[in-house]
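From first to last, the protein sequence lines are chains A and B.
Its first residue numbered 1, the first sequence is counted upward by one per residue in our numbering.
Its first residue numbered 1, the second sequence is counted upward by one per residue in our numbering.
Incorrect hints may have been included.
Stated by the list, open to error - Derived EDC-like pairs (lysine to aspartate or glutamate); straight-line CA-CA distance at most 20 Å: (1) B:62 / B:28; (2) B:173 / A:16; (3) A:267 / A:320; (4) A:267 / A:253; (5) B:68 / A:8; (6) A:402 / A:425; (7) B:173 / B:106; (8) A:267 / A:314; (9) B:173 / A:207.
Keep in mind that the hints were calculated from the coordinates and are not lab data.
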Amino acid sequence: MSAAPLLDSSRLRTLDGFSQMTPGASYVTEPTRAEEIAEIIHRAARARRPIVMRGNGRSYGDASVLPESVAISLARMREVRNWNAHTGEITVAAGASLGEIWRFALPDGFWLPVVSGTMRPQIGGAIGANIHGKNNWHAGTIGEHVTSLRIIDATGQDRTLTPADPDFWAVVGGYGLIGVLHEVTLRLRPVSSGNLLVTSRALSDWDAQFDAFEAASGADYAVSWIDGFRPGRGVFQSAQYVPSAEPASLRPEYQELPDRILGVLPKAKAWRVLRHLTHRPGMRLGAAAKYHAARLRPGETAMMPFTAFHFPLDYLPDWERAYAPRRLVQVQAAVSRTAAPAVFPRLFDLCRAHGIPPYLVVMKRHRPDVAVLPYLCDGYSLAMDFAVSLAPEDPFWTLYRKLVQTFLDQEGRFYFAKDLRLTSDDARHSVGIPRFEAFRAIKQRWDPEQVFDSALGRRIGLTMA
Amino acid sequence: MVPERFAHVLIIGASSGIGYELARQYAEAGSRVAAVARREDRLQALRDQYPDRVIAVVADVKDLAFPKTHLADITQLLGGLDLAVYCAGVMPEVGPTEFNSEKDAEMIAVNFAGGVAWLNAVAERFQALGSGAIVGIGSVAGDRGRRGQPVYNASKAAFATYLEALRNRLSSKGVAVATIKPGPVATEMTARLNLSRAMPVDVAAQRIRQRCGQTGEFYLSPVHRVLFGILRAIPSFIFRRLPLP
Numbered sequence: 001m002s003a004a005p006l007l008d009s010s011r012l013r014t015l016d017g018f019s020q021m022t023p024g025a026s027y028v029t030e031p032t033r034a035e036e037i038a039e040i041i042h043r044a045a046r047a048r049r050p051i052v053m054r055g056n057g058r059s060y061g062d063a064s065v066l067p068e069s070v071a072i073s074l075a076r077m078r079e080v081r082n083w084n085a086h087t088g089e090i091t092v093a094a095g096a097s098l099g100e101i102w103r104f105a106l107p108d109g110f111w112l113p114v115v116s117g118t119m120r121p122q123i124g125g126a127i128g129a130n131i132h133g134k135n136n137w138h139a140g141t142i143g144e145h146v147t148s149l150r151i152i153d154a155t156g157q158d159r160t161l162t163p164a165d166p167d168f169w170a171v172v173g174g175y176g177l178i179g180v181l182h183e184v185t186l187r188l189r190p191v192s193s194g195n196l197l198v199t200s201r202a203l204s205d206w207d208a209q210f211d212a213f214e215a216a217s218g219a220d221y222a223v224s225w226i227d228g229f230r231p232g233r234g235v236f237q238s239a240q241y242v243p244s245a246e247p248a249s250l251r252p253e254y255q256e257l258p259d260r261i262l263g264v265l266p267k268a269k270a271w272r273v274l275r276h277l278t279h280r281p282g283m284r285l286g287a288a289a290k291y292h293a294a295r296l297r298p299g300e301t302a303m304m305p306f307t308a309f310h311f312p313l314d315y316l317p318d319w320e321r322a323y324a325p326r327r328l329v330q331v332q333a334a335v336s337r338t339a340a341p342a343v344f345p346r347l348f349d350l351c352r353a354h355g356i357p358p359y360l361v362v363m364k365r366h367r368p369d370v371a372v373l374p375y376l377c378d379g380y381s382l383a384m385d386f387a388v389s390l391a392p393e394d395p396f397w398t399l400y401r402k403l404v405q406t407f408l409d410q411e412g413r414f415y416f417a418k419d420l421r422l423t424s425d426d427a428r429h430s431v432g433i434p435r436f437e438a439f440r441a442i443k444q445r446w447d448p449e450q451v452f453d454s455a456l457g458r459r460i461g462l463t464m465a
Numbered sequence: 001m002v003p004e005r006f007a008h009v010l011i012i013g014a015s016s017g018i019g020y021e022l023a024r025q026y027a028e029a030g031s032r033v034a035a036v037a038r039r040e041d042r043l044q045a046l047r048d049q050y051p052d053r054v055i056a057v058v059a060d061v062k063d064l065a066f067p068k069t070h071l072a073d074i075t076q077l078l079g080g081l082d083l084a085v086y087c088a089g090v091m092p093e094v095g096p097t098e099f100n101s102e103k104d105a106e107m108i109a110v111n112f113a114g115g116v117a118w119l120n121a122v123a124e125r126f127q128a129l130g131s132g133a134i135v136g137i138g139s140v141a142g143d144r145g146r147r148g149q150p151v152y153n154a155s156k157a158a159f160a161t162y163l164e165a166l167r168n169r170l171s172s173k174g175v176a177v178a179t180i181k182p183g184p185v186a187t188e189m190t191a192r193l194n195l196s197r198a199m200p201v202d203v204a205a206q207r208i209r210q211r212c213g214q215t216g217e218f219y220l221s222p223v224h225r226v227l228f229g230i231l232r233a234i235p236s237f238i239f240r241r242l243p244l245p
């Protein structure tokens, strides 16, 4: 940590979520050692400033934002501290990104057991949001693969937690509100190849979607891209690990995403082109093209590198800017298997009634998660992307309330990492009041002075009595 | 109610005149406002009217160390800072043959040095963040050195030059800096002048708000823009022969 005073204006940075709708200025610190973290906690307490934990800022909303706070970023704590190439158990500083971890481990034949749609999150943030992937229904969330965590509490003490400790499950999915997670040990998955066998199928309605997921329960991964303009229609993808040994495909160079799209367009500039397509006719056309392309090649199986399958969001850097001057807002919620077939069409009916189609929709299969603050259940989730203006009265927010209510009426659960606007009441019902209160009790025990805080925590009532 | 574009506003010199009216209008529009003034009783009315939105900061702008030390506390209370407006100004009565260094020092301290101290602190923050809006209230009186108010003119001219320099430093860094040059406005400061065509203060504040977030120098009426454009162009050897006060 530099010698500058904690509240020096040179530390000020505007922190925002991925949606860029919740900015706030913080005094950003970048410690390099655990002792420095404890020092920052003490100095922040003396300056009467709350601390917000900041990873790579990939949460959509205000999970790592708190105006006028001291932010702790572990961007300079990202080294691998221990690696067992036989068991796949890795210990990393919590600032390491998912991308850095797979690049390190893949040559030895290991892959992250759970990944998000982008490899950019830091592992600490990924555990704070308890991320899930396209294998959630059998692999669970990232927290279920963690064997030990080190966390610095509000008093500056360094503590180790294992899954046997009930408080471990409040750090997992606890959005950085319990303490500073600075080291993670997790077990990676052995792989013999860096490729997946991906089968794509065009499906024409909701029944076919649910049938496809049920039929694919033995697959390693499954996801469906739903056409927001023709709900139910979409492209279902299932994927299997390649069982044979393909050592060349384990090299990071093999996995690097191409720099150019179709060999021509520089990837870094693609959002400028996409910008001209982010209107309704353009998005409608794109969704239809994706569907018909898959329909013309029924059941086609293709070999894809892990990165190409898992990290569609990294294919187009800064793609969220394609929505400018509007913003990308995502609503992700899960409902039970029994409720989903009725709820999903109703959501799209609401979108149509308001004349606000989602531009991109992803459907996934889930199992319940075991964190104190759960966001999944035995069922299905939809992640719906909308283009929303910065105007506080954008008509989307009227639709949003109805979408939220539709999920909550069916005991649906919301993913706070994607959220900007849920109220405390919504959040309590989403989580379930007993578990919500259980989290608050653990928070109170670990951090009675509310040292660790966030705009999300305040908004949904996880912090501040 | 649609929240104001500037959700967090700092008004320095908010106990009367343009500053008070700007603070009132921003609070009315839904902003959180930190109102800085020496006279606490004057701030009380604002705070009573908008208890959730107005933070009273009692400080003398002549305390040049105050802004650097306390700006971070103020932004914490506000929850952020998007706009800072320096309005503090004094114009003591100066006789046509009077040379009074005490009065002059007061004008330099309040109209200029205080503005530099406050806006330096704000500029440092906005520069680090790459965003924010700064507004300084200059005056048409700063456009020429005239017989009646040598140091009032000079203090406003100095402030305008400082603001121009801020603009040149910060405009490429995402920070907007505006200089406002009001003509006569009906306030306490001008009450003794019996101005017949003074602009009502609420109108002046509305026009200033339209310029907040813009970059440049602005008069509050097209007539002033033309008139003072001409006055500025008059060569000094002619200007001193004109029968202007």
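Okay, the hints, checked on the actual structure:
no., hint, in the structure
1, B:62 / B:28, "violated (29 Å)"
2, B:173 / A:16, "holds (18 Å)"
3, A:267 / A:320, "holds (13 Å)"
4, A:267 / A:253, "holds (17 Å)"
5, B:68 / A:8, "holds (10 Å)"
6, A:402 / A:425, "holds (15 Å)"
7, B:173 / B:106, "violated (33 Å)"
8, A:267 / A:314, "holds (10 Å)"
9, B:173 / A:207, "violated (54 Å)"
In the structure shown, a violation is registered for the earlier hints numbered 1, 7 and 9, in ascending order.
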